[in-house]
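Just need the whole structure built from these sequences, with the hints factored in.
Residue numbers (my numbering), protein chains in the order written: chain W, 18 to 558; chain F, 18 to 558.
Worth flagging that the hints you see were computed from the coordinates, not collected in a lab.
Once the Cα atoms are required to be at most 30 Å apart in a straight line, the calculated DSS-like pairs of lysine-lysine come out as:
#1 F:LYS69 <-> W:LYS410
#2 W:LYS410 <-> F:LYS193
#3 F:LYS119 <-> F:LYS514
#4 F:LYS410 <-> W:LYS193
#5 W:LYS119 <-> W:LYS193
#6 W:LYS514 <-> W:LYS119
#7 F:LYS333 <-> F:LYS307
#8 W:LYS119 <-> W:LYS271
#9 F:LYS271 <-> F:LYS119
#10 W:LYS410 <-> W:LYS193
#11 F:LYS237 <-> F:LYS193
#12 F:LYS271 <-> F:LYS307
#13 F:LYS410 <-> F:LYS69
#14 F:LYS410 <-> F:LYS193
#15 F:LYS333 <-> W:LYS237
#16 F:LYS237 <-> W:LYS237
#17 W:LYS237 <-> W:LYS410
#18 W:LYS237 <-> F:LYS410
#19 F:LYS410 <-> W:LYS410
#20 W:LYS237 <-> W:LYS271
#21 W:LYS333 <-> F:LYS237
#22 F:LYS410 <-> W:LYS69
#23 W:LYS410 <-> F:LYS237
#24 W:LYS307 <-> W:LYS333
#25 F:LYS119 <-> F:LYS69
#26 F:LYS237 <-> F:LYS307
#27 W:LYS119 <-> W:LYS410
#28 F:LYS523 <-> F:LYS271
#29 W:LYS237 <-> W:LYS193
#30 F:LYS237 <-> F:LYS333
For clarity, every value in this text was computed on a predicted model and none was experimentally measured.
Protein chains: 2
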Amino acid sequence: MTVSLAEYIERNAAVYPSHVAVICEGRETDWARMLVRCRAIAGGLNHLGLVKGDRIAFLGLNSDWFFECYYAPSFAGIELVALNYRLSAREMVECLVDSQAKVLLVDAHFLDLARVAVARCDAPVQLVLVGAQETGPVEIGPGEIGPGEIGPGEIGPDEIGYEALIAQGHAPSTEKGAGDDTLIIFYTGGTTGRAKGVMLSHWNIFANSMGAAPHYGYIKHERHLIIGPMFHTAAGSRIYSCALMPGEAVVQPKFTVEGFLSLTQTHRISSTQFVPAMMQAVLEHPDFTKYDLSSLRQMTWGASSTSEALLHRIVKAFPHVDLVHGYGATEAAPVITGLGPAYHRADFAERGKLGSVGYPAMHVDVRIFDEQDREVRRGEIGEIVVRGPNVMKGYLNMPDATAEALRGGWYHTGDAGYQDADGCLWISGRLKDMIISGGENIYPAEVEDVLSRHPDVAEVAVIGIPSTQWGEAVHAIVIRAEGAIPSEQDLIAFARKQLAGYKCPKTVEFRTQPFPLSGANKVLKTELRAPYWDPRRGVDP
Amino acid sequence: MTVSLAEYIERNAAVYPSHVAVICEGRETDWARMLVRCRAIAGGLNHLGLVKGDRIAFLGLNSDWFFECYYAPSFAGIELVALNYRLSAREMVECLVDSQAKVLLVDAHFLDLARVAVARCDAPVQLVLVGAQETGPVEIGPGEIGPGEIGPGEIGPDEIGYEALIAQGHAPSTEKGAGDDTLIIFYTGGTTGRAKGVMLSHWNIFANSMGAAPHYGYIKHERHLIIGPMFHTAAGSRIYSCALMPGEAVVQPKFTVEGFLSLTQTHRISSTQFVPAMMQAVLEHPDFTKYDLSSLRQMTWGASSTSEALLHRIVKAFPHVDLVHGYGATEAAPVITGLGPAYHRADFAERGKLGSVGYPAMHVDVRIFDEQDREVRRGEIGEIVVRGPNVMKGYLNMPDATAEALRGGWYHTGDAGYQDADGCLWISGRLKDMIISGGENIYPAEVEDVLSRHPDVAEVAVIGIPSTQWGEAVHAIVIRAEGAIPSEQDLIAFARKQLAGYKCPKTVEFRTQPFPLSGANKVLKTELRAPYWDPRRGVDP
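Okay, structure coming up:
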């Protein structure tokens, strides 16, 4: 037999019908209700003409609706595209066109953006407006919308209400997705300026959820707080784990410190995940000590490196919490390695592993390769490569990029690192010059492409520089066009029109000397980055 | 990407080269050595002419060699048949012929049996004699045998030494097994008198190992003691888990109480599994309290029901050990459900789940079906059915039996049971009349078939009756042939010539009245069993 996500929802509805599946903004869905709604969503999509292998996209803040859409399409073998809401309309269109999504589900926050994007797509994209406020099942006829949903005045003639679609109660008419079928697609920034759709199968997601569970120390029926954006695989994979364990999810629409504190206290949250900047904000909140956070037993952090001082503060603030530092990649669904709780205890300095990303997860093989894809000797720095049943099927519509990324049966992460004498993995930097800022992957080529179109820019190089808040910040180094005097603000504003905010330079530096070039006439980013980075952190930077 | 067992051995050799893989009788193999030997075994099999999809069989007590043969064939996509050494020569031939095994690896204990069985096979089966005593790598030329191996005088002209095969150092020349490829075949007793080969794929084994890990509470790098016979999936699946976690295995050739106690103490064992009869013997051993068993942190028990009195004794004897009661089936690779440590604590009576087999493992869906394969209402008794990525590919060469067992996408266990209000599973008995004695599955039809061939037997019915030592004991009820007066001993001796000892009746009862029959003229076993069983235990018995 094979694996199908939908079957775990069916199992949970049968075995644990009244256990919580998801809680969001006062709405609570148990597994029995989750199954009914998932089947109706899948059946509704079939009714709209979608068949197995077709795709839908979701654009919205975190919500129980987004949560449902993680599970529902698999009941009809339909694939979900989780859209990053920080993208510009241009980038959104790129993802919709590339994925050929036939339906775009959008919540009230991004309705304008969605309408603009859909209008720019050549192929028709059906808009489904998500946003009911009710907690119980709704009785609505076909074509009507649910109470509290985006109001009747606001819904366009060709648009559909999400609750109305569900209320039709169609049964799915196409087969469930399973095995190597694609379950979800996440877009990551592209090195050539075009986003790449990472296709993850049911097997990929199953392997990650099963492998992450013992590695991260999840237990059955615990309460997970989802605070990271669900359009990323870090939070997304946790949603799938909640189906398998099963677990109970509490979803915060968008991270705020107050929300984190009060949800944790109210719902007796036991497990969550964060990036260091979020936890720093939590610790610095004046009311931090006023909340009862004693229910927390496990927290996973990742996505960027952390100062040892901050980690000391976190350990001290949560002495009874099992901390795990995870390292992953969207292409690996995402867990690759983890540094477990023992290394985060108060005596961690003695263990000497703090700052590393730990050991391979159960299901993952990790090695370090040189430029010719040969394994290096233990302790030497090279590219971190990964293989295992969690590694993606490939990039959508990009056979060449897929073959390149998966050459020799290993996923090439583009991260540089080494394994120490114990096999523990340390990240040294990145081979590719991708920037990670606030947990988002940013490819300089994409930003450079936009800035270079500004008439006052002759040449531009974009790099990441250290940021206490974001891990890295996007920094542009510009050689002005002859006679032109653009300001930093001009260029940032110009970028903002074309790019998601997080991709825009935080700072611009003007330079008169030519860029340092390699033998192949490529800009030597290493040299540009060098003045900003502490050489003790590793080779690059 | 897909999954391949061989890649986890490669991972362990690369990341944890000097960690223990297996220890047996003073021989210790680390992961670096394990990889070298596995590759040489696979390469040796290729050299003997085997290619991907071919099969080898192993016949022997538990050992590090058997352990290697769990991993090695996957390096060349070759499949392992794990033979039950309790089988008779006739049964052994049946399995060899059915599986078309091209090589039979045999240790010194079963050499005579293996030679007899191989001589009776029509197709040639290459015998490989396993049994080196050395601990380090051996330098032997082609055709020679290793020191301490089955002696030169004993090796036949067409036979090969295992260490000699390894010493040739051939590299595997066929592709690794992966994904849906069969990894291992376990034979289970057949309802029609013929053993069924359960084919488990790489995905099946992966799903079970990953799902069992959090469910059973295994942790990385712990010491597992393998005491159950490795030709069963219960111990066998643990061997695969040791590759994935990874873990360190200590192998006891055959269970003895003294061995269990001294190995646990010497090797600081942290995790093991047992059937209740084994643990009863341990607790009753006069030196039990003299051993230091404080390293034990987790024990899994299963395979037969246990008296509450015995369970109380176990809980009291191991107050700090996490006890898990597992329920499984060879066809499910094997884990289906488990009752966790919390329910086994000293206060377990209050929790009211003791005697159940607990909740579905993460990766498994479990339901109760009626005779028409419709799900019954919660609390009603029916057949326990299972689906998930752990469920077998099917029975080898038996498409009809496979289709019947997996009908509707569910594996039909033949066990009767119900789910209580919390979804917790209780076993009521068996729909099929299979007997489980000392952890072995025995199909009465097979025993009846043999006994009915005795000239003094007119009719025979075989049932399981309660046994403190074995859970159930095989009991034959015989209607003598006209004028014949066979003795109980005659019939048992007759059965012993044809059947594995554990399948032979322990007792024979003579009956003069005809057997009670159903409307379809089938013997009503339920009525025959009734006088032996406590009706409070459930419907059947």
